[in-house]
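**Q** In case you want the letters, here they are:
Protein chains: 2
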Amino acid sequence: MRYLGHNKKPIVDRVKPRSDSEKIDGMTVLPVKREIAHEVISISYGFLTPLEGFMNHDEVAGVTSDMELPDGTLWSIPIVFDMSAEEIEQRNLSEGDSVLMSYQGAPMATFDIDEIYRYDNAEMAEKTYGTKDPKHPGVRRTLAYADRFVSGKVTLINEPIFNEPFARYWRTPRQHLDAFAQKHWTSVVAHQTRNVPHTGHEALMKQAWFAANEDKPVDEIQTGILVNAIIGEKRIGDYIDESILLSQDMLREAGYFRDNIHMVTFTLWDMRYAGPREALLHAILRTNLGCTHHMFGRDHAGVGNFYKPYDAQSLLKQYREKLLIKPVFLKENWYCPECGEVTNAALCNHDRASQNFSGTLLRSILDDGVQPTRKVMRPEVFRSVMESSEKYGMGSSFVTEKYLKGRQPIFTLQKMEVLKA
Amino acid sequence: MRYLGHNKKPIVDRVKPRSDSEKIDGMTVLPVKREIAHEVISISYGFLTPLEGFMNHDEVAGVTSDMELPDGTLWSIPIVFDMSAEEIEQRNLSEGDSVLMSYQGAPMATFDIDEIYRYDNAEMAEKTYGTKDPKHPGVRRTLAYADRFVSGKVTLINEPIFNEPFARYWRTPRQHLDAFAQKHWTSVVAHQTRNVPHTGHEALMKQAWFAANEDKPVDEIQTGILVNAIIGEKRIGDYIDESILLSQDMLREAGYFRDNIHMVTFTLWDMRYAGPREALLHAILRTNLGCTHHMFGRDHAGVGNFYKPYDAQSLLKQYREKLLIKPVFLKENWYCPECGEVTNAALCNHDRASQNFSGTLLRSILDDGVQPTRKVMRPEVFRSVMESSEKYGMGSSFVTEKYLKGRQPIFTLQKMEVLKA
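These protein sequence lines are chains S and L, in that order. For what it's worth, our numbering labels the leading residue of the first sequence as 18, then goes sequentially. For what it's worth, our numbering labels the leading residue of the second sequence as 18, then goes sequentially.
Any given hint could turn out to be false.
Where chains are identical, the list cannot tell them apart; a pair therefore holds if satisfied intra-copy or between any two copies.
Derived DMTMM-like pairs (lysine to aspartate or glutamate); straight-line CA-CA distance at most 25 Å [as the list claims (entries may be wrong)]:
| # | residue 1 | residue 2 |
| --- | --- | --- |
| 1 | K392 | E355 |
| 2 | K251 | E52 |
| 3 | K339 | D42 |
| 4 | K50 | D368 |
| 5 | K26 | D368 |
| 6 | K419 | D328 |
| 7 | K200 | E85 |
| 8 | K170 | E418 |
In case anyone wonders, no lab produced these hints; they're calculated from the structure.
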């Protein structure tokens, strides 16, 4: 029964480390960009179970139109490998070929090309994001796809070696399950994040923890919170990756969560900001990590005003029966001066007095290196953010051009002789 | 489907207001003490569904030995009417008689005597309370029972008229269900109390609220908290009844709970301090009020060191399948200076810094009329307690001999001509 993921499919395991001498000698080498490399890794380890590779035409059509794969499995976002017709011709790629994907100058994975096809990017964008407005970053990403797509299974032959601080937070789906078993967690509630935690996030996690407990006497409660950060494409002004992981972990280190109920890990995934559809993908992803519950607050995975605050909750409700993970729906927390504490909008009646957490305000405070009030951010979290800023952010807690160019890589791939030829 | 209570039995309704001329003229009048009067009222309105009267010998035997009524219904505490052999003889009572119970000099209920029997009080006490130590107030009560018991159905013929502030919090089980329907509550989590609320109680209720929400989008969540106070036998040093009701209600009035998620009512019941068995009774009672969930924290309904902190949770778990109400099990809250807030023992890792709520300390502070820090008690709650102290407690927030003698009655019964004869 273990290692079963989304739709009760076995957790995909397409990781087959190979030595240079095996087979790959002489294969066509296909260098891939970061977006593709990250997804190859996530697919191979099973984060995106049951996907085994990049989608073909029918899969994309089913996913965008009906939110399902051809076998009926619920899926909300196309996972595609785009390539220009020019490059396909230049590299002489054909359906049926097996090629060697390389990244960072090292061999990474084999790729069995199944189909080379066209797809209407504008239609893909509109169906996935519910808008064709190019101000939506997911739409922009989709419209920028090259004019062809290549589908097929991937097999990771060279495992990424994560650099610190990522190494200590890296766990494959199977390693998540093993860690949960070791901690005797029978319920695990996932928290999606790409943020440094303010006290509103902390309260959300705590509220979800109560919601995720089954009706067991407290001595038998074994519920964990998995803080699973999304690490991937960065936009200017985002929190830097290192800061997100270290500051989330600090909440446990500093005792705001007990050691036995809290764990921080990450998934390599580029946010699409697809709101409701992305929330579904997050539910699927955390199912594959062995979580039993997933918290969804206000504006989950949205951007701008493209989605209403609780659209994600409505869509998840609609597909509830097709998910093995139980959604925990919550309203936002706010700091209420009358309550003198962080409280949830569903509970507190001091609407006029209460102060919503302003991400923008918090960012501007942190950008100046000023410590926010402890009502809003734990002092240990603030110190962690400042340390990361110095150590990893070139003096900034937020992504800058300088960071994008000069940051340490998240992982490295071992060089292999084969590419030197 | 509505008005179904414990074990899916219809909510008992044995209330039949009668005019003087009907039948009761000429019936033997049996004056009853407060304990019996309260239970007659609770039985007749259905708070104790499926009970329709006082238990007979076999019912007491089944309840004390196997925690079930003869038809297999789960029941944990004997509900008996004790009477001395002397009084039975003096009033010439026999099995098969129908008599008129009177209270406060007014007719109250008819009582169809079914069985007059003896029972070993010591055995009843030990099986019910798990101890024969007379320091246990439930044991003491049982050992003090008269030497005979009288069983039979009761019918309330004269409805109590509750005095303020009780009137505004009085609801029959059917009125609870109607009120929930009017508020569109689909989940209701019960909070058992005989306390003025400190911030730890408030946190417990809020935590349980999250636990009681089903996986509905927040716009559709209709979960209420029913604060159902136990009003009955008072011991010196208990909070006065008026203060409990008014200060619990103040949490909503002052906005710590939204109007649409919080309601205060009470049940006439004498605490037995039976710990686990009393917790089961509370679960049954709140099932009869239409609640779907019931919170159980540490030391539920216990006294002294007779029960372990989570014994009640263990027993409820064991009988989970026989209950229509879902228990929500919680650890205690404490004030943690490092977190700077009230937090739950299950979450916070600052064990050494954290400060348990001391009921004794809080009582001694209130006894001096000193306002506790707002971390421990909301200022509006404190002011309410002080007001009740003046208005109802003769200057004390706690039960004194003076209060017991001079308090306004909780309810009055209309006088009827029949008793004047």
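**Q** If a hint holds in the structure, say so; if it does not, say that too.
**A** Results for each hint:
Taking the shortest alpha-carbon separations for K392 and E355, both the intra-copy value of 13 Å and the inter-copy value of 12 Å come in at or below 25 Å. Taking the closest pair of Cα atoms, K251 and E52 come within 25 Å of each other only inside a single copy of the chain (11 Å); across copies the shortest separation is 70 Å, beyond that limit. Taking identical chains as interchangeable, the C-alpha atoms of K339 and D42 are never at most 25 Å apart, the minima being 43 Å within one chain and 67 Å between chains. When the C-alpha separation of K50 and D368 is checked against a cutoff of 25 Å, the pair qualifies neither within a copy, at 48 Å, nor between copies, at 49 Å.
In the homo-oligomer, the alpha carbons of K26 and D368 never lie at most 25 Å apart, since the shortest distance is 45 Å inside one protomer and 42 Å across protomers. For the identical chains of this complex, K419 and D328 are neighbours neither inside a copy (36 Å) nor across copies (60 Å), given an alpha-carbon limit of 25 Å. Within a single copy, K200 and E85 get their C-alpha atoms no closer than 34 Å, and across copies no closer than 39 Å, so neither meets the 25 Å cut-off. Within a single copy, K170 and E418 get their C-alpha atoms no closer than 34 Å, and across copies no closer than 83 Å, so neither meets the 25 Å cut-off.
The earlier numbered hints that this structure contradicts are 3, 4, 5, 6, 7 and 8.
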